[in-house]
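Per my numbering, the sequence shown runs over residues 33 to 144.
Note that these hints are calculated values from the structure, not bench results.
Model, not experiment: these values are computed from the prediction.
Treat the hints with care, since some could be wrong.
Straight-line alpha carbon distances no greater than 25 Å define the calculated BS3-like cross-link-like pairs of lysine-lysine that follow [claimed, not checked]:
{"#": "1", "residue 1": "Lys80", "residue 2": "Lys56"}
{"#": "2", "residue 1": "Lys136", "residue 2": "Lys89"}
{"#": "3", "residue 1": "Lys136", "residue 2": "Lys56"}
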Amino acid sequence: MIKNTSNSEHYIWGENCDGWHLLKSDSLSIIQEKMPPDTEESLHFHTKAQQFFYILKGTATFEVDNEIYSVEEGSGFHIQANEIHRIFNRTTEDLEFVVISEPKSHGDRTNL
Numbered sequence: 033m034i035k036n037t038s039n040s041e042h043y044i045w046g047e048n049c050d051g052w053h054l055l056k057s058d059s060l061s062i063i064q065e066k067m068p069p070d071t072e073e074s075l076h077f078h079t080k081a082q083q084f085f086y087i088l089k090g091t092a093t094f095e096v097d098n099e100i101y102s103v104e105e106g107s108g109f110h111i112q113a114n115e116i117h118r119i120f121n122r123t124t125e126d127l128e129f130v131v132i133s134e135p136k137s138h139g140d141r142t143n144l
């Protein structure tokens, strides 16, 4: 089945950020997300899920275990299970990305 933001389950998270479940199973989650300018996620970790973020548009800033990383459009970023992390959009443009979680990260999140 062809999946995109027009035919996938939509939800709002964080500071008015958008998410679309492109694939939602217990073993794998693929979500397209959009963060408006000057928004951020809360610091957290996943005990089981590893995640890969692929930046479609804009520049993402990640904090992982007290280190800061800048990831440009067309690049990806891997986060291992149990790494304390969050994503920021510190720019004046929307940030769009795909996040792949294996296994799914929903229900496996501890906020700090």
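Going through the hints against the structure:
1. Under the criterion of a C-alpha separation no larger than 25 Å, the hint pairing Lys80 with Lys56 is consistent with the structure, at around 16 Å.
2. For the given pair, Lys136 sits about 24 Å from Lys89 by alpha-carbon distance, which is consistent with the 25 Å threshold.
3. Proximity of Lys136 to Lys56 is assessed by CA-CA distance (about 8 Å); at most 25 Å being required, the pair is judged to hold.
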